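Protein chains: 4
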Amino acid sequence: MGIAVIYGSSRRNGNSEQLAKRLVDGFDADHIYLSEYAIHPIQDYRHSEKEPYPDDDYHHVIGRVLDQDKLIFATPIYWYGPSGLTKTFIDRWSQSLRENKTDFLARLAAKSAWVIGVGDDVPHLKGIPLVQQFQYIFEYTGTSFEGYILGKANRPGDILQDNAALAAVEEIRKSWQEQL
Amino acid sequence: MGIAVIYGSSRRNGNSEQLAKRLVDGFDADHIYLSEYAIHPIQDYRHSEKEPYPDDDYHHVIGRVLDQDKLIFATPIYWYGPSGLTKTFIDRWSQSLRENKTDFLARLAAKSAWVIGVGDDVPHLKGIPLVQQFQYIFEYTGTSFEGYILGKANRPGDILQDNAALAAVEEIRKSWQEQL
Amino acid sequence: MGIAVIYGSSRRNGNSEQLAKRLVDGFDADHIYLSEYAIHPIQDYRHSEKEPYPDDDYHHVIGRVLDQDKLIFATPIYWYGPSGLTKTFIDRWSQSLRENKTDFLARLAAKSAWVIGVGDDVPHLKGIPLVQQFQYIFEYTGTSFEGYILGKANRPGDILQDNAALAAVEEIRKSWQEQL
Amino acid sequence: MGIAVIYGSSRRNGNSEQLAKRLVDGFDADHIYLSEYAIHPIQDYRHSEKEPYPDDDYHHVIGRVLDQDKLIFATPIYWYGPSGLTKTFIDRWSQSLRENKTDFLARLAAKSAWVIGVGDDVPHLKGIPLVQQFQYIFEYTGTSFEGYILGKANRPGDILQDNAALAAVEEIRKSWQEQL
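Line by line, the protein sequences give chains A, B, C and D.
For the first sequence, my numbering gives the first residue as 11, with consecutive numbering after it.
For the second sequence, my numbering gives the first residue as 11, with consecutive numbering after it.
For the third sequence, my numbering gives the first residue as 11, with consecutive numbering after it.
For the fourth sequence, my numbering gives the first residue as 11, with consecutive numbering after it.
FYI, nobody ran anything at the bench for these hints, they're computed from the structure.
Hints are not guaranteed to be accurate.
Since the list gives no way to pick one copy over another, a pair counts as held whenever it fits inside one copy or between any two copies.
Unchecked claim - When the alpha-carbon atoms are kept at most 27 angstroms apart in a straight line, the in silico DSSO-like pairs for lysine-lysine are as follows:
(1) Lys121 - Lys184
(2) Lys111 - Lys121
(3) Lys121 - Lys31
(4) Lys111 - Lys162
(5) Lys31 - Lys111
(6) Lys184 - Lys111
(7) Lys162 - Lys184
Remember, predicted model here, so these are calculated numbers, not experimental data.
Okay, chain A solo, but in the shape it has when bound (with noise of 0.2 angstroms):
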């Protein structure tokens, strides 16, 4: 078991994603873009008949995060919160509680977690309600919410600039090799 990346840009090589690699370098990892899969919104059939979900990517793209131990959503900063991209996923969480509830959230709870959010626009402060949503995601999941990373960039490669969060990218991967 390793770690499943959630890669929610919709360009590829962006800031989040180039974060997102410096952290899990050297490590067993399977990068998951959803830029590159078809993913529909989530019809709510919670209080009708059960209808055909969107034939899609979904099944594909949730089974592969749900292979690995350890999750990091890796997300711009969209208007103040999640790319609509990672949120659509997410939204379809909702099928797999319909479809297996107990063993989708018994897998969901035995796993770690982190979000990378890279944004423009103070993200120190105006990531905040992007945090308080994935731990409330989490909190709901059981899933251990092991830290966050918001980043502050533009174009692509400030980043690598952004030394306070290189440094707490270093942090998490000396915990992960102490783990080994």
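For chain A, the structure is supplied; the task is to place chains B, C and D on it using the hints.
Here is chains B, C and D on its own, set in the frame of chain A:
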């Protein structure tokens, strides 16, 4: 000019819709159900050649939103944030920022906005990140964030038992009637 | 058993007091004005010899609080948090944790709590950190956090013009009357 | 002009103090231990005759704070907020607003501020309300909120094991050295 209600639920006649309908009952309102439109995730072209944006319903929808002077965002609280439909729509505002930033912001800055979020899991507390996310969104666009209602409901129709939410609806309606 | 109202304002008859008075009108309530008591800042003896705690009114006040089963914290929003009087009182709970932790937490865990915060500067948004602070406090003590009201007022009496706050008060009163 | 460190702990040599000391080591700093001064709760005279304010150490302390251009608020996280000593001191700023509002705000608006909060109970998440409270405080005073460190510690000295906090300290020190 009147009210644009932007419904973010994936189902019709859910609780957030019912509460919003009661809010605007008798007022001139354009009802925009995001689930009826194709709006794809934002492409992030900030730092690359500007390629074509998705050819979908975004321009139609944002046009209707900009035509009104009061905005109601009515979303179920999915996973402690706005629905993926809502978030994906707002993410696309970055496209408008590239296409006609000055005019887009000027128009949003002239509007007032309310947010309705309905959920089942302690929404008055766990809906707070959603509220703060909209707070920063409106701070950026200059839109006047007039108020929000966090309602509690699960089964369709439950929201009509949430007396505090209904009372809050009445107060907003009263303030609008006094403006007439 | 009834209601303890803990008033945190430094002045009498201010807006948070008026709103709390309306909330408990007709119910059996013990009115505790923190400004009338001497309660000194906590001494932090967690990691030192336990020296004497301040000989002041803390034990009297906490005793009256623990004697009731509903707690109302009514505080003006001073500098975006609970008043210093309120905070200093709550800080002293650490003394009770040292003196009789098990009993203290067991008694608080059996209670329900409401928070009233009244301020002038966009309290519905800028009062959120105050609410979240109480959320964590009650999570720690096991107290059931039943609800909060963020009211807007500046001059004494203004709060009686805040119809949303008054409506919220009525809803809480109704829920209590149904319990009788 | 240099740095004012405002220590909010009730004990000396605690973790928030140790972290702040490391932050300013080698820089010109005025160390202000609130526990050594008598600062009484604010009297709220906004809507009454202006009676005398408490004759205590407030003017001495605020004078020293205003004499520096960098402010460090170093507080233990007590009950998920700043310590009562810290809060009571800040509440008294309302007195300065009455005594000389224009000058007081002008001086604060020219300063930069950092916040250090150290606690034991998941400070990176449960310290967020404390951070947001300071965010609104500095927004009001116009002070530039440069950054914050939420450190984890319980026993005195623990903070020196919090490598992420120490790394954050180093980044701030580096930024100051570059200014010299």
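Structure-based check of all given hints:
Taking CA atoms no more than 27 angstroms apart as the test, Lys121 paired with Lys184 passes inside one copy only; the shortest distance there is 19 angstroms, against 36 angstroms between copies. When the C-alpha separation of Lys111 and Lys121 is checked against a cutoff of 27 angstroms, the pair qualifies only within one copy, where the shortest distance is 16 angstroms, while the shortest distance between copies is 33 angstroms. Proximity of Lys121 and Lys31 under a CA criterion of 27 angstroms is satisfied intra-copy only: 20 angstroms inside one chain copy versus 37 angstroms between copies. Within a single copy, Lys111 and Lys162 get their C-alpha atoms only as close as 37 angstroms, which misses the 27 angstroms cut-off; across copies the closest is 22 angstroms, which meets it.
Taking identical chains as interchangeable, the C-alpha atoms of Lys31 and Lys111 are never at most 27 angstroms apart, the minima being 31 angstroms within one chain and 33 angstroms between chains. Proximity of Lys184 and Lys111 under a CA criterion of 27 angstroms is satisfied in neither setting, with 34 angstroms inside one chain copy and 37 angstroms between copies. With identical chains, the CA atoms of Lys162 and Lys184 are at most 27 angstroms apart both within one copy (22 angstroms) and between copies (17 angstroms).
The structure is inconsistent with the numbered hints 5 and 6, although it conforms to all the rest.
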